[in-house]
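Colleague: Residue strings, one per chain:
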Amino acid sequence: RGIRVGYTPDVLTDATAELSVALLLAVCRRLPEAVEQVKNGGWTTWKPLWMCGYGLSDSTVGIIGLGRIGQAVARRLKPFGVKKFLYTGSGPKPESAEEFGAEFVPLTRLAEESDFVVVTCALTPATQGMCNKDFFGRMKKTSVFINTSRGAVVNQEDLYDALAHGQIAAAGLDVTTPEPLPADHPLLSLRNCVVLPHIGSATYATRSTMAVLAANNLLAGLRGEPMPHELLL
Amino acid sequence: MWYHKPVIKEELLQSLPNLKIVASSGVGIDHLDLNLLSSYGVKLSNTPFVVSTDTADLGMALMLASSRRLVEGHQMAVSPDTEYFPANWLGAEVSGATLGIVGMGTVGYKVAERAKAFEMKILYHNRNQRNKEEESAVGAIYCKKIDDLLQQSDFVLLSVVLTPQTQKLIGKRELALMKPTATLINISRGLVVDQEALVEALQNKVIKAAALDVTYPEPLPRDHPLLKLKNVIITPHIGSATEKTRRLMMENMMESIQAGLTGLPIPNEVL
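Same order as they appear, the protein sequences are chains B and R. Everything in the first sequence is counted per my numbering, starting at 1 for the first residue and increasing by one. Everything in the second sequence is counted per my numbering, starting at 1 for the first residue and increasing by one.
Think of the hints as simulated: they come from the structure by calculation, not from any bench. Model, not experiment: these values are computed from the prediction. Cβ coordinates follow ideal geometry from the N, Cα and C atoms, glycine included. Take the hints with a grain of salt, since some may be wrong.
[To be verified] Simulated crosslink set (BS3-like; lysine-lysine; CA at most 25 angstroms straight-line):
| no. | chain 1 | residue 1 | chain 2 | residue 2 |
| --- | --- | --- | --- | --- |
| 1 | B | Lys78 | R | Lys43 |
| 2 | R | Lys244 | B | Lys84 |
| 3 | B | Lys78 | R | Lys144 |
| 4 | B | Lys84 | R | Lys168 |
| 5 | R | Lys228 | R | Lys179 |
| 6 | B | Lys39 | R | Lys121 |
| 7 | B | Lys78 | R | Lys205 |
| 8 | R | Lys121 | R | Lys43 |
| 9 | R | Lys132 | R | Lys172 |
| 10 | B | Lys83 | R | Lys179 |
| 11 | R | Lys172 | R | Lys205 |
| 12 | B | Lys141 | R | Lys244 |
| 13 | B | Lys47 | R | Lys244 |
| 14 | R | Lys168 | R | Lys116 |
| 15 | R | Lys244 | B | Lys140 |
| 16 | R | Lys132 | B | Lys78 |
| 17 | R | Lys208 | R | Lys116 |
| 18 | R | Lys145 | R | Lys132 |
| 19 | B | Lys83 | R | Lys208 |
| 20 | R | Lys145 | R | Lys244 |
| 21 | R | Lys172 | R | Lys144 |
| 22 | R | Lys228 | B | Lys39 |
| 23 | B | Lys39 | R | Lys208 |
| 24 | R | Lys5 | B | Lys47 |
| 25 | B | Lys39 | R | Lys230 |
| 26 | B | Lys47 | R | Lys9 |
| 27 | R | Lys121 | R | Lys144 |
| 28 | R | Lys132 | R | Lys179 |
| 29 | B | Lys47 | R | Lys43 |
| 30 | B | Lys93 | B | Lys83 |
| 31 | R | Lys132 | R | Lys168 |
| 32 | B | Lys39 | R | Lys5 |
[To be verified] For each label pair, taking beta carbons as the anchor points, the in silico distance ranges come out as:
| no. | chain 1 | residue 1 | chain 2 | residue 2 | range |
| --- | --- | --- | --- | --- | --- |
| 33 | R | Asn204 | B | Asn132 | 19 to 27 angstroms |
| 34 | B | Lys83 | R | Thr181 | 34 to 42 angstroms |
| 35 | R | Phe49 | B | Leu232 | 50 to 58 angstroms |
| 36 | R | Ser39 | B | Thr44 | 30 to 38 angstroms |
| 37 | B | Asp58 | R | Met254 | 17 to 25 angstroms |
| 38 | B | Glu99 | R | Asn35 | 46 to 54 angstroms |
| 39 | R | Pro164 | B | Ala183 | 49 to 57 angstroms |
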């Protein structure tokens, strides 16, 4: 119908990457659980293995989709003592990977070898439902799964099974299908699943910038001028 | 001993005439009376360094969780009352903000290394200035006066040792010097902060928020105001809480104990 589309890439890279790392840390150190124990009186005395989580030191991090956000995530994780970065996608990206010494591997190997899996890819027909029973079945029992891309990249029933049966240790999701999840959704009943309300780009600074950019796209479109960021259809 | 138990008092030492060594978990020794132990000829060891990475990681986790409102967000996402996610529900970015580290020891420095990757501006206050290479590796700027750090920081992180000098290091005056938009993060010891002053500062919006892995006492009594404030995250002293690190701590303690019992030089001895 000849309708032009503007969007706001790039300006939210840092905020989203930051949220991905924040979520990863909150999941692997069990922050929501720990906070709950403090409030409900579950914290009585201190025991050596109580509330233990998983450290990033000497770990292998697998990034699904080494785009702008994926790279910004890797950059932030590097000083946490990550031993190795793996990544997967439609093809290798040597220039992007070089900064982290990241190795391009098939999805299956990424699942098998990663202690932390971070999904930062676009949702396309190829990536829809990509994180499924086979994927979770290959992951380590001690591994953590983080999705800040789109809910539909994950098969939610398979993720539930994997978490409930201890096939993976924990998961953090900023995105689900639908949003919000219905109140009785099984994923919400799991202690080792942290769900956030799609706040990847939710900072005052970033949303302001996004809003201005969206407005400028709109004004340019109405005037028949080139847009700052046009989605070419 | 794990955490602070058993409590080492004179009566206990008198009842254990053959006690040669106390191996304490963690790096902090503020819960122990060094003079008392030495007067009974009992040696002491701790587990420094092995806890530093996990504690620095937790400091970052608390800063990020507070700034991006993760605990609130999770509660909203799982609440049966949530019908939609409001578009104007926002947090503040950590990336590019100013972090003031009070206590640039092993843990403080590791926090700086991590914060640098978030493009944070890093200020630090320490008994001594670090050397130029160490400073430039993380882009840290020394603040000889803690006031300068407090006035400029968006996040103030405490990673000092608890000593008589650092007790109540952060009190009413220091909190008032902080920005009203600033967050206090404590991964050191509860007593480094004047807790009553902190409650007042949070209630009166003198500072924006706090994220604490340590309080005084631990755990806090059930009716403590800190547990009710919406802008406070409290975790139950889990700075070193990963299985790998707890195992390493235990191994360190065993090595120290074995050396102590056989009269050999003690690794990680506290003198």
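Colleague: If a hint holds in the structure, say so; if it does not, say that too.
Modeller: Results for each hint:
Between the alpha carbons of B:Lys78 and R:Lys43 the distance comes to roughly 39 angstroms, so the proposed pair goes past 25 angstroms and is violated. This hinted pair checks out: R:Lys244 and B:Lys84 have alpha carbons roughly 18 angstroms apart, not beyond 25 angstroms. In summary, the hint linking B:Lys78 to R:Lys144 is not supported, as the alpha carbons are separated by about 30 angstroms, beyond the 25 angstroms threshold. With a C-alpha separation of about 42 angstroms, the suggested pair B:Lys84 and R:Lys168 falls outside the 25 angstroms cut-off, and the hint is violated.
Pair hint R:Lys228 plus R:Lys179 holds up; C-alpha atoms about 23 angstroms apart against a cutoff of 25 angstroms. Between B:Lys39 and R:Lys121 the alpha-carbon distance is near 33 angstroms, which puts this suggested pair outside the 25 angstroms criterion. Taking the CA atoms of B:Lys78 and R:Lys205, the gap is near 35 angstroms; set against the 25 angstroms cutoff, the hint is violated. A threshold of 25 angstroms between alpha carbons decides the hint, and for R:Lys121 with R:Lys43 the separation of about 42 angstroms lies outside it, so the pair is violated.
Taking the CA atoms of R:Lys132 and R:Lys172, the gap is near 33 angstroms; set against the 25 angstroms cutoff, the hint is violated. Between B:Lys83 and R:Lys179 the alpha-carbon distance is near 37 angstroms, which puts this suggested pair outside the 25 angstroms criterion. In summary, the hint linking R:Lys172 to R:Lys205 is supported, as the alpha carbons are separated by about 13 angstroms, within the 25 angstroms threshold. At most 25 angstroms may separate the alpha-carbon atoms for a hinted pair to count; B:Lys141 and R:Lys244 meet this at roughly 15 angstroms.
Only pairs whose Cα atoms come within 25 angstroms are accepted, and B:Lys47 paired with R:Lys244 is accepted, the gap being roughly 15 angstroms. A threshold of 25 angstroms between alpha carbons decides the hint, and for R:Lys168 with R:Lys116 the separation of about 28 angstroms lies outside it, so the pair is violated. The hinted pair formed by R:Lys244 and B:Lys140 meets the criterion: a straight-line CA distance of about 16 angstroms does not exceed 25 angstroms. Between R:Lys132 and B:Lys78 the CA atoms are separated by roughly 23 angstroms; this keeps the pair inside 25 angstroms, and the hint holds.
Taking the CA atoms of R:Lys208 and R:Lys116, the gap is about 23 angstroms. The hint holds against a cut of 25 angstroms. With a C-alpha separation of about 18 angstroms, the suggested pair R:Lys145 and R:Lys132 falls inside the 25 angstroms cut-off, and the hint holds. Distance check on the hinted pair: B:Lys83 and R:Lys208 sit about 36 angstroms apart at the alpha-carbon level, beyond 25 angstroms; violated. With a C-alpha separation of about 38 angstroms, the suggested pairing of R:Lys145 with R:Lys244 is violated against the 25 angstroms cut-off.
Distance check on the hinted pair: R:Lys172 and R:Lys144 sit about 20 angstroms apart at the alpha-carbon level, within 25 angstroms; holds. Restraint check: the Cα-Cα separation between R:Lys228 and B:Lys39 comes to about 9 angstroms, which is no more than 25 angstroms; the hinted pair holds. This hinted pair checks out: B:Lys39 and R:Lys208 have alpha carbons roughly 20 angstroms apart, not beyond 25 angstroms. Distance hint between R:Lys5 and B:Lys47 is fulfilled; the C-alpha atoms sit about 10 angstroms from each other, no more than 25 angstroms.
Of the supplied pair hints, the one linking B:Lys39 and R:Lys230 holds, its CA atoms being roughly 12 angstroms apart against a limit of 25 angstroms. Under the criterion of a C-alpha separation no larger than 25 angstroms, the hint pairing B:Lys47 with R:Lys9 is consistent with the structure, at around 21 angstroms. Our distance criterion of 25 angstroms between C-alpha atoms is met by R:Lys121 and R:Lys144, whose separation comes to about 17 angstroms. A hinted pair counts as satisfied when its Cα atoms are at most 25 angstroms apart, and R:Lys132 with R:Lys179 does not qualify at roughly 28 angstroms.
Distance restraint check for B:Lys47 and R:Lys43: the Cα-Cα separation of roughly 24 angstroms lies within the 25 angstroms cut-off, and the hinted pair is therefore satisfied. Straight-line distance between C-alpha atoms of B:Lys93 and B:Lys83 comes to about 20 angstroms, which keeps the hinted pair within the 25 angstroms bound. Distance hint between R:Lys132 and R:Lys168 is unfulfilled; the C-alpha atoms sit about 30 angstroms from each other, more than 25 angstroms. Pair hint B:Lys39 plus R:Lys5 holds up; C-alpha atoms about 23 angstroms apart against a cutoff of 25 angstroms.
The hinted window of 19 to 27 angstroms between R:Asn204 and B:Asn132 is violated, with their beta carbons roughly 51 angstroms apart. For B:Lys83 and R:Thr181, the Cβ-Cβ distance of about 37 angstroms falls inside the hinted range of 34 to 42 angstroms, so the restraint holds. For R:Phe49 paired with B:Leu232, a C-beta distance near 54 angstroms keeps the hint of 50 to 58 angstroms intact. R:Ser39 and B:Thr44 have their C-beta atoms about 33 angstroms apart, which keeps the hinted 30 to 38 angstroms range intact.
Restraint check, B:Asp58 to R:Met254: a C-beta distance of roughly 22 angstroms satisfies the suggested window 17 to 25 angstroms. Separated by about 52 angstroms at the C-beta atoms, B:Glu99 and R:Asn35 satisfy the suggested range of 46 to 54 angstroms. Checked against the hint of 49 to 57 angstroms, the pair R:Pro164 and B:Ala183 passes, with Cβ atoms roughly 52 angstroms apart.
Checked against the numbered hints listed earlier, the structure breaks hints 1, 3, 4, 6, 7, 8, 9, 10, 14, 19, 20, 28, 31, 33; every other hint is satisfied.
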